[in-house]
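Same order as they appear, the protein sequences are chains L and W. All the letters of the first sequence, read from the start, carry residue numbers 4 to 416 under my numbering. All the letters of the second sequence, read from the start, carry residue numbers 243 to 828 under my numbering.
Simulated from the structure, these hints should not be mistaken for lab results. We put the beta carbon where it would ideally sit given N, CA and C, even for glycine. One or more hints might be untrue.
[As the list claims (entries may be wrong)] Computed cross-link-like contacts, DSS-like style, restricted to lysine-lysine with a CA-CA straight-line distance of at most 30 Å:
no., chain 1, residue 1, chain 2, residue 2
1, W, K447, W, K505
2, W, K398, W, K505
3, W, K512, L, K358
4, W, K398, L, K139
5, W, K506, L, K372
[Said to hold, decoys possible] Covered stretches of chain W (chain L as the covering partner; in silico rule of three or more C-beta atoms under 8 Å from a C-beta of chain L):
no., region
6, 483-495
7, 500-506
8, 754-767
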Amino acid sequence: MRRHAISAVAFAASAFAATVPVAAQETVYSQVERGRYVLITGNCQGCHTAPGEEPFAGGRGLQTPFGTIYTPNITFEPETGLGRWSRDDFWRAMHEGMAPDGSRLYPAFPYPHFSKMPRAEVDALYDYLATLPRVKKEKPENELPWPLSWRASLAGWQWMFFDPGVFEPNPEKSDQWNRGAYLVEGPAHCGGCHTEKNVAGADKESRHLMGGQLENWAAPDIRAGPNGGLADWSEDDIVEFLETGRNAHTAAFSIMSEVIEYSTQHMAKDDLRAIATYLKDMEGEERSVPAEPGEAVMEAGTAIYFDSCSACHASDGSGVPRFFAPLAGSGKVNGEDPTTVIRVILEGARAVPTKAHPSPLTMPAFNWKLTDEQVAAVATYVRSSWGNRGSPVSASDVADLRQRLADGLGPDR
Amino acid sequence: MARKLPPVDVVLVGFGWTGAILAQELTEDGLEVLAIERGAWRDTPTHFPTTVAQDELRWYWRKEMFQSTARETLTFRNNRSQTALPMRRWGSFLPGEGVGGGGVHWNGQTWRFLPSDFVAASHNVERYGPMRPGMTVQDYGVTYDELEPHFDRFEKLCGIGGKAGNLNGETLVGGNPFEGPRSAEYPNPPMHMTFAQHRFEAAAKELGLNPFPGPSANMSQPYVNPLGCQLGPCTYCGFCEKYGCGNYSKASAQTTILPVLMKKPNFTLKVHNEVLRVKLDSTGRRATGVIHVDQNGEEYEQPADLVILCAYQLSNTRLMMLSGIGEIYNPSTGEGLVGKNYCYQVMSGADVFFDDKYTNEFVGAGALGMCVDEYNGDNFDHSGLGFIGGGYIACWTTHNRPIERQRTPEGTPGWGSAWKKAVVENFRKSTGVGAHGASMAYANNYLDLDPTYTDVYGRPLMRMTYDFTPNDRAMAAFLTERVREIAERMGGREIKVSPREGPYDSMPYQTTHNTGGTIMGSEPANSVVNRYLQSWEVSNLFVMGAGVFPQNAGYNPTGAVAALAYWAADAIRTQYLRSPGPLVQA
């Protein structure tokens, strides 16, 4: 062979070793490695990478109810990235939501969560980011209406909704619980999606982790204590889901698939267990009894379900756990907000491929095949069968979502 | 002038089953591997999700699943006195195209050949005396025992469901007692059988035969293979052969290898690029790479240290011819080896019609069946029968696709209201028993280049000269009688036997089990590739696929094709990479 197998392996190994510590001459490996792990817990890659482009060079458009905000380049390229930022600049952004020039950052960058991270963690993250390949890439202009496009308007927002401060452990709880609380409320910023927002886009404190909506997805209630959305999940179920993207109850897709792909599947198992411990300690709210679906709708829904769905999801909604998501008891099917179940029927869904489960098992789209009435009927059927207790879905719910998806708009525009 | 591209370690021509296996194996050694596929990228959710997979008109009748005959086909004739004409529409066989190749649209019947199949020449000559005139059967040059671990690997990759009949030499009840010793049970249990299989099983037992479940690549239960890839349980929808599976239930490159392979940084796949020829150096003894062309007609030279042909048997044979590697077989002189020993298979069967029993064969799967192997290979005494080889007999319930299948009893007119009435009456109350007969090589069945017709690039088409042989006819007549014996005992009102008679007809679908043309063997004088599928002539060229079969056995070939691919990959990894050059000294 021109290049022998052995030398090809050796080349790959040396190339890998070279990319890690090269730009961090003044920092020790352990510090960079700590920063790499911080980055994993925060899933920085998810938002700071445009689809199909260089990682961490930003440019991904985040759809918010207010308009599209583009993420910045966080490589240390000096012109377009963080190359000229000092450690203090970086700390201020993470902890106070403030840019080096003193302007305020949009909370699409979840600094209300990152503010809970201690300085040492943030510094380690800075040291790791400094080692990434530098990519020159300008950030597109945000698409926000005035006065939101005027950053000074954020001062009021911060004054009303943001209270900087590093996480303080609860001495009454175990170390594991506190580690979980730190991760969930801090770097992992779970509330970014899973907590409902107020009209100003800030978390509704009373609805903490009880489910939210973003980019036309309903993020489920992830409280795992009694009455919570994940009440039926054990700690092991939560750990398995975060580590492999699947468990006996469901499979991850859409935005959560990024979280698992870039973040949780790489996290230490102890940390995943800590997250599970914390979530299991959060009680949910008792749900009101939903309206009874009409008989004709259920009849139509049953027929469509048996025709189009039961081959994978099984006639009793039990699915094939870890292959094809069970629908009976599913938090996504069952949630108060039916957005996700409607959307999955319309567009299909792809289970995230992970190290543990590399197959991207995918449900096909039915938007070309089923009418609004048919989607509503089958969504109603799965939400009110096999012990599920979701409210009925109307054809106009389906039509609205279809329209929003076609327009590419967020829910409130 | 072809644009020269940066070199790679290995270039694979074609990306179906063998391409995916070789890519997965060789990238494990850190080699930089490039696969070039002339067809399109295809994956389950985009190209054959459950919402479109079962479209009979589109995939089969309009041939969307197969190679485009408008760009390239082959010419056919039964014998050398005829003028071959192009097949403008596929019929008797269906070459695949695109990522996954024919492995996307196979049934999933996944066999191991018998130990005696690999030594068909020496074994039969020893037992029955000299071969008949004109027969060119020979040994594979590799034995069942050598291939056993590789059969086992493929079965585990695919999650084959079945029942062992010979586990490490111990005969197990319920399996195939004639199979070679296997080192492990099948990774999955057999599929769930239907009414028709139960009737077949009872009839076979009455005759003193040993029925066993057909080995199936349609999942009998959810399965995770050794690479971590997930296959879903089969839903028995009856759309396997000629269709992609939307439920991830049929083993294919897509379901078993690609989720892992496509993520590897040292693997690259190039689709919509057709390899025109293998490029040789001035000595003609070393491949320097391949010449390929993209959709815009741009030509490229892709240098590589190792070239592996992984296309379909017909395409591999033709590429060897178009690249000037080895001499093309000439039946008049017996000279040349490329294109020699083209073989096929001989199918015959019987339909069984019931009065009051529902077979409901729309509940089916590609490899849902019960089989008997008493009449295959040399599992029975052929003395005085006038043929060698045989075939398995099975009751497969693969489908009841309504455009394709309308079983009607003997004497039913071919059209009109009487035909319609018979179709309706029998659609849910009939089944079939089939013989899957071997095909022995003869000097006058072969492949070469057509003198007249060319493909879209102006290259000569492959010419196929083929007819059933005296051995085939005697064997098929014998097997058809065995089919009749079983079918008659299945409790139906009547049966209709369909023997294989007359000359080979290239139009009605029979089977896509074309073999030979680049046969393997013990020495350069009798074969194109050695026992490791390495070209005798060009040692950095390997040829995969059923083209290496010296003759075809009485089984579906994919299991053997894949085992040989693993066997060759193992030889490359453990021997060739250490010391590139011929692995067998001529």
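Violated hints, by number in ascending order, as checked against the structure
Numbers 1, 4, 5 and 8 - these are the hints that the structure violates, sorted from lowest upward.
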